[in-house]
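FYI, UniProt numbering numbers position 117 of the sequence shown as 117, with every residue one higher than the one before it.
Note that these hints are calculated values from the structure, not bench results. Fair warning: there could be bad hints in the mix.
[Stated by the list, open to error] The list that follows gives simulated cross-link-like pairs (lysine to aspartate or glutamate, DMTMM-like), each with its CA atoms no further than 25 Å apart:
| # | residue 1 | residue 2 |
| --- | --- | --- |
| 1 | 182 | 136 |
| 2 | 163 | 231 |
| 3 | 206 | 226 |
| 4 | 185 | 210 |
[Claimed, not checked] Just the calculated beta-carbon pair ranges, DEER-fashion:
| # | residue 1 | residue 2 | range |
| --- | --- | --- | --- |
| 5 | 209 | 65 | 55 to 61 Å |
| 6 | 364 | 499 | 47 to 53 Å |
| 7 | 495 | 190 | 40 to 46 Å |
| 8 | 298 | 65 | 43 to 49 Å |
| 9 | 226 | 73 | 21 to 27 Å |
| 10 | 73 | 444 | 40 to 46 Å |
| 11 | 196 | 65 | 41 to 47 Å |
| 12 | 468 | 317 | 21 to 27 Å |
| 13 | 499 | 196 | 33 to 39 Å |
| 14 | 473 | 190 | 24 to 30 Å |
| 15 | 209 | 181 | 21 to 27 Å |
| 16 | 289 | 495 | 58 to 64 Å |
| 17 | 467 | 181 | 52 to 58 Å |
Don't be surprised by glycine CBs; every beta carbon is placed ideally from N, CA and C.
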Amino acid sequence: MRRSGLHRQHGKQGAGGGGGGAKGIYTKLTIAVVVLLICTLSLLFSATIGGNRGSLEPSEINAEELWESAKSSGWRPSSAPRSDWPSPPRETNGYLRVRCNGGLNQQRSAVCVNLFAICNAVLAARIMNATLVLPELDANSFWHDESGFQGIYDVEHFIQTLKYDVQIVESIPEIRKNGKTKKIKGYQLRPPRDAPIEWYTTVALKKMQEHGAIYLTPFSHRLAEEIDNPEYQRLRCRVNYHALRFKPNIMQLSESIVDKLRAQGHFMSIHLRFEMDMLAFAGCVDIFNLEEQSILKKYRKENFAEKRLVYKERRAIGKCPLTPEEVGLILHAMGFDNSTRIYLAAGELFGGERFMKPFRDLFPRLENHSSVDSSEELVTNTQGLLGSAVDYMVCLLSNIFMPTYDGPSNFANNLLGHRLYYGFRTTIRPDRKALAPIFIDRENGQTAGFEEAVRRVMLKTNFGGPHKRVSPESFYTNSWPECFCQVSPKNPADKCPPDNVLEVLDSRLENKVTSDPETLAEKNSTSRTER
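Work out the full structure: start from the sequences and follow the hints.
Put into C-alpha coordinates, the structure is as follows:
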(Lines of atoms letter the chains of each structure in order from A and count residues from 1; the text may use other names and numbers.)
(Lines give C-alpha, C1' and ligand atoms only; values in the text may rest on other atoms or scores of the structure.)
Protein backbone atom coordinates (compact mmCIF):
# COMPACT_ATOMS: atom_id res chain seq x y z
CA MET A 1 0.00 0.00 0.00
CA ARG A 2 1.37 3.40 -0.95
CA ARG A 3 1.44 6.43 1.28
CA SER A 4 -2.03 7.65 0.39
CA GLY A 5 -3.47 4.52 1.94
CA LEU A 6 -1.61 5.16 5.18
CA HIS A 7 -3.17 8.53 5.96
CA ARG A 8 -5.45 8.75 8.97
CA GLN A 9 -8.10 10.05 6.58
CA HIS A 10 -10.33 8.38 4.05
CA GLY A 11 -11.55 11.01 1.63
CA LYS A 12 -10.62 14.44 3.01
CA GLN A 13 -14.13 15.52 3.89
CA GLY A 14 -13.22 18.84 5.43
CA ALA A 15 -10.21 19.95 3.40
CA GLY A 16 -9.95 22.29 0.46
CA GLY A 17 -10.08 26.03 0.02
CA GLY A 18 -12.03 28.70 -1.80
CA GLY A 19 -10.85 31.57 -3.93
CA GLY A 20 -9.78 32.10 -7.45
CA GLY A 21 -6.68 31.46 -9.54
CA ALA A 22 -4.33 28.67 -8.51
CA LYS A 23 -6.07 28.29 -5.16
CA GLY A 24 -9.42 27.77 -6.88
CA ILE A 25 -7.91 25.20 -9.24
CA TYR A 26 -6.40 23.40 -6.25
CA THR A 27 -9.79 23.33 -4.57
CA LYS A 28 -11.49 21.86 -7.63
CA LEU A 29 -8.77 19.23 -7.99
CA THR A 30 -9.09 18.35 -4.30
CA ILE A 31 -12.86 17.93 -4.61
CA ALA A 32 -12.44 15.82 -7.74
CA VAL A 33 -9.97 13.54 -5.98
CA VAL A 34 -12.30 13.21 -2.97
CA VAL A 35 -15.29 12.34 -5.15
CA LEU A 36 -13.20 9.77 -7.03
CA LEU A 37 -12.06 8.27 -3.73
CA ILE A 38 -15.63 8.09 -2.40
CA CYS A 39 -16.76 6.32 -5.57
CA THR A 40 -13.80 3.93 -5.40
CA LEU A 41 -14.55 3.07 -1.78
CA SER A 42 -18.20 2.52 -2.63
CA LEU A 43 -17.30 0.11 -5.43
CA LEU A 44 -14.77 -1.64 -3.24
CA PHE A 45 -17.24 -2.17 -0.41
CA SER A 46 -19.94 -3.34 -2.82
CA ALA A 47 -17.56 -5.77 -4.44
CA THR A 48 -16.62 -7.35 -1.14
CA ILE A 49 -20.19 -8.12 -0.11
CA GLY A 50 -20.49 -11.19 -2.28
CA GLY A 51 -17.00 -12.47 -1.54
CA ASN A 52 -16.94 -12.11 2.23
CA ARG A 53 -17.59 -14.83 4.71
CA GLY A 54 -21.12 -15.59 5.82
CA SER A 55 -22.33 -17.36 8.97
CA LEU A 56 -20.30 -20.38 10.04
CA GLU A 57 -20.97 -23.45 12.09
CA PRO A 58 -18.51 -24.12 14.96
CA SER A 59 -16.76 -26.87 13.03
CA GLU A 60 -16.59 -24.79 9.84
CA ILE A 61 -14.34 -21.93 10.96
CA ASN A 62 -11.88 -21.11 8.18
CA ALA A 63 -8.88 -19.00 9.13
CA GLU A 64 -8.21 -18.21 5.47
CA GLU A 65 -11.54 -16.38 5.17
CA LEU A 66 -10.64 -14.15 8.10
CA TRP A 67 -7.85 -12.52 6.10
CA GLU A 68 -10.57 -10.79 4.08
CA SER A 69 -12.60 -7.83 5.36
CA ALA A 70 -15.94 -8.51 7.03
CA LYS A 71 -19.24 -8.30 5.14
CA SER A 72 -20.32 -4.66 4.76
CA SER A 73 -24.01 -5.28 3.96
CA GLY A 74 -23.99 -2.20 1.73
CA TRP A 75 -22.69 0.20 4.38
CA ARG A 76 -19.79 2.56 3.76
CA PRO A 77 -18.08 5.15 6.00
CA SER A 78 -19.43 8.69 5.82
CA SER A 79 -18.98 11.46 8.36
CA ALA A 80 -19.97 14.41 6.17
CA PRO A 81 -22.96 16.46 7.40
CA ARG A 82 -26.37 15.29 6.15
CA SER A 83 -28.42 18.25 7.37
CA ASP A 84 -27.93 22.00 7.60
CA TRP A 85 -24.46 22.61 9.04
CA PRO A 86 -23.56 26.33 9.20
CA SER A 87 -19.92 27.30 8.91
CA PRO A 88 -18.37 28.74 12.10
CA PRO A 89 -18.91 32.51 12.43
CA ARG A 90 -15.97 34.88 12.27
CA GLU A 91 -16.69 36.18 15.78
CA THR A 92 -16.74 33.51 18.47
CA ASN A 93 -17.55 33.58 22.17
CA GLY A 94 -13.92 33.18 23.20
CA TYR A 95 -11.03 30.74 23.29
CA LEU A 96 -11.10 27.13 24.48
CA ARG A 97 -7.93 25.49 25.81
CA VAL A 98 -7.85 21.86 26.94
CA ARG A 99 -5.23 19.59 28.43
CA CYS A 100 -5.59 16.00 27.26
CA ASN A 101 -4.70 14.00 30.33
CA GLY A 102 -6.03 11.27 32.57
CA GLY A 103 -6.39 7.51 32.28
CA LEU A 104 -3.93 4.67 32.78
CA ASN A 105 -0.25 5.17 32.03
CA GLN A 106 -0.60 2.87 29.03
CA GLN A 107 2.51 2.87 26.88
CA ARG A 108 0.70 2.13 23.62
CA SER A 109 -2.43 4.11 24.29
CA ALA A 110 -1.46 7.66 25.21
CA VAL A 111 -1.96 8.58 21.55
CA CYS A 112 -5.53 7.30 21.82
CA VAL A 113 -6.22 8.91 25.19
CA ASN A 114 -5.36 12.11 23.36
CA LEU A 115 -7.52 11.16 20.35
CA PHE A 116 -10.68 10.92 22.45
CA ALA A 117 -9.96 14.20 24.20
CA ILE A 118 -9.18 16.00 20.93
CA CYS A 119 -12.46 14.81 19.39
CA ASN A 120 -14.34 16.06 22.44
CA ALA A 121 -12.45 19.37 22.40
CA VAL A 122 -13.50 20.07 18.80
CA LEU A 123 -17.10 19.15 19.59
CA ALA A 124 -17.09 21.32 22.74
CA ALA A 125 -15.77 24.26 20.69
CA ARG A 126 -18.54 23.77 18.15
CA ILE A 127 -21.19 23.56 20.86
CA MET A 128 -20.00 26.77 22.54
CA ASN A 129 -19.15 28.64 19.32
CA ALA A 130 -15.59 28.96 20.60
CA THR A 131 -12.20 29.26 18.93
CA LEU A 132 -10.23 26.12 19.76
CA VAL A 133 -6.58 26.43 20.73
CA LEU A 134 -4.53 23.40 19.62
CA PRO A 135 -4.98 20.84 22.43
CA GLU A 136 -2.12 20.17 24.83
CA LEU A 137 -1.03 16.53 24.94
CA ASP A 138 -0.09 15.00 28.26
CA ALA A 139 2.50 12.34 27.57
CA ASN A 140 5.64 13.77 29.15
CA SER A 141 4.55 12.80 32.67
CA PHE A 142 5.13 9.12 31.84
CA TRP A 143 7.57 9.06 28.94
CA HIS A 144 9.21 12.47 29.36
CA ASP A 145 8.11 12.96 25.75
CA GLU A 146 7.52 16.62 24.95
CA SER A 147 6.50 16.12 21.31
CA GLY A 148 3.15 17.83 21.82
CA PHE A 149 0.43 18.16 19.20
CA GLN A 150 2.76 19.73 16.64
CA GLY A 151 5.30 16.93 17.07
CA ILE A 152 2.80 14.16 16.30
CA TYR A 153 0.02 15.53 14.09
CA ASP A 154 -0.08 17.48 10.84
CA VAL A 155 -1.30 20.82 12.19
CA GLU A 156 -2.08 22.50 8.86
CA HIS A 157 -4.14 19.51 7.74
CA PHE A 158 -6.00 19.46 11.05
CA ILE A 159 -6.99 23.12 10.83
CA GLN A 160 -7.91 22.95 7.12
CA THR A 161 -9.98 19.79 7.46
CA LEU A 162 -12.11 21.26 10.24
CA LYS A 163 -12.55 24.75 8.78
CA TYR A 164 -16.23 24.01 8.09
CA ASP A 165 -16.73 23.08 11.76
CA VAL A 166 -14.69 25.26 14.11
CA GLN A 167 -12.10 28.02 14.13
CA ILE A 168 -8.70 26.78 15.35
CA VAL A 169 -5.57 28.70 16.36
CA GLU A 170 -2.19 27.43 17.51
CA SER A 171 -2.14 29.79 20.52
CA ILE A 172 -4.24 32.56 22.05
CA PRO A 173 -3.18 35.82 20.44
CA GLU A 174 -2.06 38.72 22.60
CA ILE A 175 -4.28 41.81 22.75
CA ARG A 176 -3.35 45.47 23.02
CA LYS A 177 -5.18 47.49 25.63
CA ASN A 178 -4.36 51.06 26.71
CA GLY A 179 -1.16 50.87 24.67
CA LYS A 180 0.01 47.70 26.43
CA THR A 181 0.27 44.12 25.18
CA LYS A 182 -1.70 41.72 27.31
CA LYS A 183 -2.07 37.94 27.33
CA ILE A 184 -5.52 36.45 27.80
CA LYS A 185 -5.42 34.03 30.70
CA GLY A 186 -7.85 31.17 30.41
CA TYR A 187 -10.11 30.69 33.42
CA GLN A 188 -9.40 27.17 34.68
CA LEU A 189 -12.34 24.78 35.03
CA ARG A 190 -12.56 21.10 35.88
CA PRO A 191 -15.38 19.58 33.81
CA PRO A 192 -17.43 16.79 35.36
CA ARG A 193 -16.74 13.33 33.96
CA ASP A 194 -19.01 12.61 30.97
CA ALA A 195 -20.46 16.11 31.27
CA PRO A 196 -23.68 16.68 29.29
CA ILE A 197 -23.87 19.27 26.50
CA GLU A 198 -25.84 21.51 28.87
CA TRP A 199 -22.78 21.96 31.12
CA TYR A 200 -20.86 23.43 28.19
CA THR A 201 -23.69 25.73 27.07
CA THR A 202 -24.22 27.07 30.60
CA VAL A 203 -21.36 26.80 33.11
CA ALA A 204 -18.44 26.71 30.66
CA LEU A 205 -19.90 29.25 28.24
CA LYS A 206 -20.66 31.73 31.01
CA LYS A 207 -17.04 31.66 32.23
CA MET A 208 -15.77 31.94 28.65
CA GLN A 209 -17.86 35.08 28.05
CA GLU A 210 -16.69 36.54 31.36
CA HIS A 211 -12.96 35.91 30.87
CA GLY A 212 -12.52 35.61 27.10
CA ALA A 213 -10.95 32.15 27.43
CA ILE A 214 -11.32 29.02 29.52
CA TYR A 215 -8.83 26.23 30.25
CA LEU A 216 -10.39 22.80 30.81
CA THR A 217 -8.22 20.34 32.69
CA PRO A 218 -8.25 17.41 33.05
CA PHE A 219 -9.99 16.65 29.78
CA SER A 220 -10.16 12.87 29.53
CA HIS A 221 -13.76 11.63 29.11
CA ARG A 222 -15.19 15.04 29.99
CA LEU A 223 -17.98 15.09 27.40
CA ALA A 224 -20.74 12.47 27.26
CA GLU A 225 -20.17 9.85 24.55
CA GLU A 226 -23.79 9.07 23.82
CA ILE A 227 -25.33 12.24 22.38
CA ASP A 228 -28.74 12.29 20.74
CA ASN A 229 -27.49 14.33 17.81
CA PRO A 230 -26.01 12.33 14.88
CA GLU A 231 -24.39 15.44 13.38
CA TYR A 232 -22.36 15.94 16.56
CA GLN A 233 -21.31 12.30 16.46
CA ARG A 234 -20.30 12.64 12.82
CA LEU A 235 -18.16 15.63 13.77
CA ARG A 236 -16.31 13.36 16.19
CA CYS A 237 -15.69 10.95 13.30
CA ARG A 238 -14.44 13.76 11.05
CA VAL A 239 -11.92 14.68 13.72
CA ASN A 240 -10.88 11.12 14.53
CA TYR A 241 -10.69 9.58 11.08
CA HIS A 242 -10.01 12.55 8.80
CA ALA A 243 -8.55 15.59 10.56
CA LEU A 244 -6.07 13.81 12.83
CA ARG A 245 -3.30 12.72 10.52
CA PHE A 246 0.16 11.90 11.79
CA LYS A 247 3.13 13.91 10.55
CA PRO A 248 4.88 12.82 7.31
CA ASN A 249 7.86 11.22 9.08
CA ILE A 250 5.50 8.99 11.09
CA MET A 251 3.54 8.08 7.97
CA GLN A 252 6.75 7.23 6.12
CA LEU A 253 7.98 5.00 8.94
CA SER A 254 4.62 3.27 9.08
CA GLU A 255 4.59 2.83 5.31
CA SER A 256 8.05 1.31 5.39
CA ILE A 257 7.07 -1.24 8.03
CA VAL A 258 3.76 -2.17 6.37
CA ASP A 259 5.47 -2.57 2.98
CA LYS A 260 8.11 -4.89 4.45
CA LEU A 261 5.49 -6.98 6.24
CA ARG A 262 3.24 -7.21 3.19
CA ALA A 263 6.15 -8.19 0.95
CA GLN A 264 5.76 -11.68 2.40
CA GLY A 265 1.95 -11.80 2.26
CA HIS A 266 -0.78 -10.90 4.71
CA PHE A 267 -0.06 -10.34 8.39
CA MET A 268 -1.88 -10.06 11.69
CA SER A 269 -1.31 -7.47 14.42
CA ILE A 270 -1.88 -8.17 18.11
CA HIS A 271 -2.09 -5.68 20.95
CA LEU A 272 -0.57 -7.87 23.64
CA ARG A 273 -1.67 -6.12 26.82
CA PHE A 274 0.29 -8.28 29.26
CA GLU A 275 1.97 -5.31 30.88
CA MET A 276 2.59 -4.18 34.42
CA ASP A 277 0.05 -1.36 34.60
CA MET A 278 -2.81 -3.44 33.19
CA LEU A 279 -2.05 -6.51 35.29
CA ALA A 280 -1.89 -4.34 38.42
CA PHE A 281 -5.11 -2.55 37.46
CA ALA A 282 -6.90 -5.88 36.90
CA GLY A 283 -5.54 -7.37 40.13
CA CYS A 284 -4.19 -10.44 38.34
CA VAL A 285 -1.02 -11.24 40.26
CA ASP A 286 -1.19 -14.86 41.46
CA ILE A 287 0.41 -16.41 38.35
CA PHE A 288 3.67 -14.55 39.07
CA ASN A 289 6.49 -15.32 41.51
CA LEU A 290 6.63 -13.56 44.86
CA GLU A 291 9.03 -10.83 43.71
CA GLU A 292 6.85 -10.02 40.70
CA GLN A 293 3.71 -10.06 42.84
CA SER A 294 5.33 -7.55 45.17
CA ILE A 295 6.10 -5.24 42.22
CA LEU A 296 2.52 -5.43 40.92
CA LYS A 297 0.98 -4.85 44.34
CA LYS A 298 3.23 -1.87 44.95
CA TYR A 299 2.33 -0.38 41.55
CA ARG A 300 -1.36 -0.87 42.22
CA LYS A 301 -1.17 0.76 45.64
CA GLU A 302 0.62 3.79 44.19
CA ASN A 303 -1.61 4.27 41.15
CA PHE A 304 -5.12 2.94 41.81
CA ALA A 305 -7.81 3.16 44.43
CA GLU A 306 -7.73 0.51 47.15
CA LYS A 307 -10.01 -2.40 46.32
CA ARG A 308 -10.19 -6.05 47.39
CA LEU A 309 -9.42 -8.17 44.33
CA VAL A 310 -9.30 -11.96 44.42
CA TYR A 311 -7.42 -13.46 41.47
CA LYS A 312 -9.55 -16.61 41.11
CA GLU A 313 -12.73 -14.55 41.11
CA ARG A 314 -11.32 -12.06 38.61
CA ARG A 315 -10.05 -14.80 36.34
CA ALA A 316 -13.36 -16.68 36.39
CA ILE A 317 -15.28 -13.67 35.05
CA GLY A 318 -12.74 -12.72 32.38
CA LYS A 319 -11.29 -9.66 34.11
CA CYS A 320 -7.66 -10.69 33.61
CA PRO A 321 -5.67 -9.92 30.45
CA LEU A 322 -5.07 -13.00 28.34
CA THR A 323 -1.61 -14.50 28.76
CA PRO A 324 0.54 -14.78 25.61
CA GLU A 325 0.04 -18.56 25.71
CA GLU A 326 -3.76 -18.18 25.83
CA VAL A 327 -3.63 -15.87 22.83
CA GLY A 328 -1.63 -18.49 20.93
CA LEU A 329 -4.05 -21.28 21.88
CA ILE A 330 -7.04 -19.24 20.67
CA LEU A 331 -5.42 -18.56 17.31
CA HIS A 332 -4.37 -22.20 16.93
CA ALA A 333 -7.89 -23.40 17.70
CA MET A 334 -9.20 -21.03 15.03
CA GLY A 335 -6.98 -22.66 12.41
CA PHE A 336 -3.97 -20.33 12.22
CA ASP A 337 -0.68 -22.23 11.92
CA ASN A 338 2.97 -21.51 12.62
CA SER A 339 3.44 -19.83 9.23
CA THR A 340 1.24 -16.90 10.37
CA ARG A 341 3.16 -13.65 10.49
CA ILE A 342 2.30 -11.58 13.57
CA TYR A 343 3.18 -7.98 14.42
CA LEU A 344 3.18 -7.28 18.16
CA ALA A 345 2.16 -3.86 19.42
CA ALA A 346 3.14 -3.95 23.06
CA GLY A 347 5.22 -2.25 25.67
CA GLU A 348 7.48 -4.25 27.95
CA LEU A 349 5.77 -7.58 28.69
CA PHE A 350 5.68 -8.33 32.39
CA GLY A 351 7.27 -11.62 33.45
CA GLY A 352 9.66 -11.76 30.53
CA GLU A 353 10.48 -14.58 28.15
CA ARG A 354 8.99 -17.41 30.22
CA PHE A 355 5.53 -16.08 29.39
CA MET A 356 6.38 -15.44 25.74
CA LYS A 357 8.00 -18.81 25.04
CA PRO A 358 4.76 -20.87 24.76
CA PHE A 359 3.37 -18.27 22.35
CA ARG A 360 6.60 -18.13 20.34
CA ASP A 361 6.65 -21.94 20.09
CA LEU A 362 3.21 -21.84 18.45
CA PHE A 363 3.86 -18.76 16.31
CA PRO A 364 7.58 -18.19 15.70
CA ARG A 365 7.14 -15.48 13.04
CA LEU A 366 6.80 -12.58 15.48
CA GLU A 367 7.75 -9.00 14.67
CA ASN A 368 7.60 -5.53 16.21
CA HIS A 369 8.47 -2.13 14.79
CA SER A 370 12.09 -2.41 15.97
CA SER A 371 12.66 -5.78 14.32
CA VAL A 372 11.11 -4.69 11.01
CA ASP A 373 12.66 -1.23 10.88
CA SER A 374 15.74 -0.55 12.98
CA SER A 375 16.06 3.08 11.93
CA GLU A 376 17.62 5.38 14.52
CA GLU A 377 14.46 7.49 14.72
CA LEU A 378 12.41 4.51 15.96
CA VAL A 379 15.14 3.08 18.17
CA THR A 380 15.51 6.38 20.05
CA ASN A 381 11.75 6.99 20.32
CA THR A 382 10.37 3.47 20.70
CA GLN A 383 8.82 4.19 24.12
CA GLY A 384 7.42 7.60 23.22
CA LEU A 385 4.54 8.91 21.17
CA LEU A 386 6.37 8.16 17.92
CA GLY A 387 6.56 4.42 18.63
CA SER A 388 2.94 4.41 19.75
CA ALA A 389 1.82 6.25 16.61
CA VAL A 390 3.70 3.87 14.31
CA ASP A 391 2.22 0.86 16.12
CA TYR A 392 -1.22 2.40 15.69
CA MET A 393 -0.82 2.80 11.94
CA VAL A 394 0.58 -0.71 11.43
CA CYS A 395 -2.29 -2.22 13.43
CA LEU A 396 -4.79 -0.14 11.47
CA LEU A 397 -3.49 -1.45 8.16
CA SER A 398 -2.90 -5.07 9.11
CA ASN A 399 -5.18 -7.69 7.56
CA ILE A 400 -6.35 -8.83 11.01
CA PHE A 401 -6.17 -7.05 14.35
CA MET A 402 -6.54 -8.81 17.70
CA PRO A 403 -6.79 -6.93 21.01
CA THR A 404 -6.15 -9.13 24.03
CA TYR A 405 -7.65 -6.76 26.58
CA ASP A 406 -10.12 -4.17 25.31
CA GLY A 407 -11.44 -3.03 28.68
CA PRO A 408 -9.90 0.35 29.59
CA SER A 409 -7.42 0.05 26.69
CA ASN A 410 -7.86 3.18 24.60
CA PHE A 411 -5.36 1.97 22.00
CA ALA A 412 -7.38 -1.15 21.23
CA ASN A 413 -10.78 0.54 21.47
CA ASN A 414 -9.97 3.31 19.01
CA LEU A 415 -8.34 0.86 16.62
CA LEU A 416 -11.47 -1.28 16.63
CA GLY A 417 -13.52 1.77 15.67
CA HIS A 418 -11.03 3.00 13.09
CA ARG A 419 -10.80 -0.40 11.39
CA LEU A 420 -14.60 -0.56 11.27
CA TYR A 421 -14.64 2.85 9.59
CA TYR A 422 -11.73 1.93 7.33
CA GLY A 423 -13.77 -0.75 5.55
CA PHE A 424 -14.89 -3.33 8.14
CA ARG A 425 -11.41 -4.79 8.44
CA THR A 426 -11.30 -8.07 10.33
CA THR A 427 -10.86 -8.00 14.09
CA ILE A 428 -10.62 -10.97 16.43
CA ARG A 429 -12.08 -10.05 19.81
CA PRO A 430 -11.78 -12.86 22.36
CA ASP A 431 -14.68 -13.11 24.79
CA ARG A 432 -12.57 -13.48 27.93
CA LYS A 433 -15.54 -14.20 30.19
CA ALA A 434 -16.78 -17.07 28.01
CA LEU A 435 -13.25 -18.42 27.47
CA ALA A 436 -12.21 -18.32 31.15
CA PRO A 437 -13.87 -21.61 32.24
CA ILE A 438 -12.47 -23.36 29.15
CA PHE A 439 -8.92 -22.33 30.02
CA ILE A 440 -9.43 -23.17 33.69
CA ASP A 441 -10.64 -26.68 32.75
CA ARG A 442 -7.58 -27.13 30.53
CA GLU A 443 -5.26 -26.13 33.39
CA ASN A 444 -7.01 -28.74 35.54
CA GLY A 445 -6.27 -31.46 32.99
CA GLN A 446 -9.59 -31.48 31.08
CA THR A 447 -8.21 -31.08 27.55
CA ALA A 448 -10.77 -33.12 25.58
CA GLY A 449 -12.76 -30.89 23.23
CA PHE A 450 -10.71 -27.82 24.17
CA GLU A 451 -10.25 -26.42 20.65
CA GLU A 452 -13.86 -27.09 19.68
CA ALA A 453 -15.03 -25.23 22.80
CA VAL A 454 -12.79 -22.26 21.94
CA ARG A 455 -14.13 -22.18 18.39
CA ARG A 456 -17.73 -22.18 19.63
CA VAL A 457 -17.01 -19.12 21.78
CA MET A 458 -15.10 -17.27 19.09
CA LEU A 459 -17.75 -17.78 16.42
CA LYS A 460 -20.27 -15.96 18.58
CA THR A 461 -18.11 -12.83 18.49
CA ASN A 462 -18.16 -10.09 15.86
CA PHE A 463 -15.30 -10.16 13.37
CA GLY A 464 -15.50 -6.51 12.30
CA GLY A 465 -18.80 -6.15 10.45
CA PRO A 466 -21.49 -3.52 11.15
CA HIS A 467 -23.30 -4.19 14.40
CA LYS A 468 -25.45 -2.34 16.90
CA ARG A 469 -23.61 -0.51 19.65
CA VAL A 470 -24.65 -1.83 23.03
CA SER A 471 -23.37 -0.47 26.35
CA PRO A 472 -20.64 -0.66 27.53
CA GLU A 473 -19.28 -0.58 23.98
CA SER A 474 -17.85 2.86 23.26
CA PHE A 475 -18.80 5.16 20.39
CA TYR A 476 -15.10 5.30 19.55
CA THR A 477 -15.10 1.50 19.26
CA ASN A 478 -18.23 1.41 17.12
CA SER A 479 -19.55 4.55 15.40
CA TRP A 480 -22.18 2.59 13.42
CA PRO A 481 -24.67 3.73 12.24
CA GLU A 482 -24.05 7.48 12.76
CA CYS A 483 -20.82 7.56 10.74
CA PHE A 484 -21.92 5.17 7.99
CA CYS A 485 -24.38 5.42 5.15
CA GLN A 486 -26.05 3.42 2.38
CA VAL A 487 -26.68 4.43 -1.20
CA SER A 488 -30.11 2.73 -1.19
CA PRO A 489 -31.16 2.60 2.46
CA LYS A 490 -34.38 1.40 4.02
CA ASN A 491 -34.17 4.25 6.52
CA PRO A 492 -33.86 7.73 4.89
CA ALA A 493 -31.63 8.86 7.77
CA ASP A 494 -29.00 6.37 6.55
CA LYS A 495 -28.84 7.75 3.00
CA CYS A 496 -25.39 8.84 1.87
CA PRO A 497 -24.92 12.59 1.41
CA PRO A 498 -24.56 13.93 -2.16
CA ASP A 499 -21.15 13.68 -3.77
CA ASN A 500 -20.93 17.49 -3.98
CA VAL A 501 -21.25 18.00 -0.22
CA LEU A 502 -17.78 19.58 -0.09
CA GLU A 503 -18.68 22.07 -2.79
CA VAL A 504 -21.79 23.08 -0.84
CA LEU A 505 -19.83 23.55 2.41
CA ASP A 506 -17.06 25.44 0.64
CA SER A 507 -19.58 27.73 -1.03
CA ARG A 508 -21.24 28.51 2.31
CA LEU A 509 -17.89 29.26 3.92
CA GLU A 510 -16.82 31.51 1.04
CA ASN A 511 -20.15 33.37 1.09
CA LYS A 512 -19.84 33.92 4.83
CA VAL A 513 -16.32 35.29 4.46
CA THR A 514 -17.14 37.62 1.54
CA SER A 515 -20.28 38.95 3.26
CA ASP A 516 -18.48 39.65 6.54
CA PRO A 517 -18.39 43.46 7.18
CA GLU A 518 -14.76 43.39 8.33
CA THR A 519 -13.68 41.46 5.24
CA LEU A 520 -15.60 43.85 2.97
CA ALA A 521 -13.94 46.83 4.65
CA GLU A 522 -10.50 45.30 4.10
CA LYS A 523 -11.30 44.66 0.42
CA ASN A 524 -12.57 48.23 -0.10
CA SER A 525 -9.49 49.66 1.58
CA THR A 526 -7.21 47.56 -0.63
CA SER A 527 -9.16 48.57 -3.73
CA ARG A 528 -8.83 52.30 -2.92
CA THR A 529 -5.10 51.89 -2.29
CA GLU A 530 -4.60 50.16 -5.64
CA ARG A 531 -6.49 52.93 -7.46
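Evaluate the given range 33 to 39 Å for the C-beta pair formed by residue 499 and residue 196. holds (35 Å)
Are residue 209 and residue 181 spaced within 21 to 27 Å by their CB atoms? holds (23 Å)
A range of 21 to 27 Å was offered for this pair. Does it hold for the Cβ distance of residue 226 and residue 73? holds (23 Å)
Okay, residue 196 versus residue 65 on CB: inside 41 to 47 Å? Since the Cβ atoms of residue 196 and residue 65 sit about 43 Å apart, the hinted range of 41 to 47 Å holds.
Holds or violated: 40 to 46 Å for the Cβ distance of residue 73 and residue 444? holds (42 Å)
Residue 468 versus residue 317 beta-carbon gap, inside 21 to 27 Å or not: Check passed, 24 Å falls within 21 to 27 Å.
I want to verify a distance hint. Is the separation of the beta carbons of residue 364 and residue 499 within 47 to 53 Å? holds (48 Å)
Supplied distance hint 52 to 58 Å, evaluated on CB atoms of residue 467 and residue 181: holds (55 Å)
25 Å Cα cutoff - pair residue 163, residue 231: Given that 25 Å is the threshold and the Cα spacing comes to 16 Å, the pair holds.
Taking the Cβ atom of residue 289 and the Cβ atom of residue 495, is their distance within the range 58 to 64 Å? holds (59 Å)
Need the status of pair residue 206, residue 226: alpha-carbon distance at most 25 Å? This hinted pair holds, its Cα atoms lying about 24 Å apart.
Measure nothing beyond the straight line between the CA atoms of residue 185 and residue 210; if it is 25 Å or shorter, mark the hint as holding. Since the Cα atoms of residue 185 and residue 210 sit roughly 12 Å apart, the hinted pair holds (cutoff 25 Å).
Violated hints for the displayed structure: none, as all numbered hints are satisfied.
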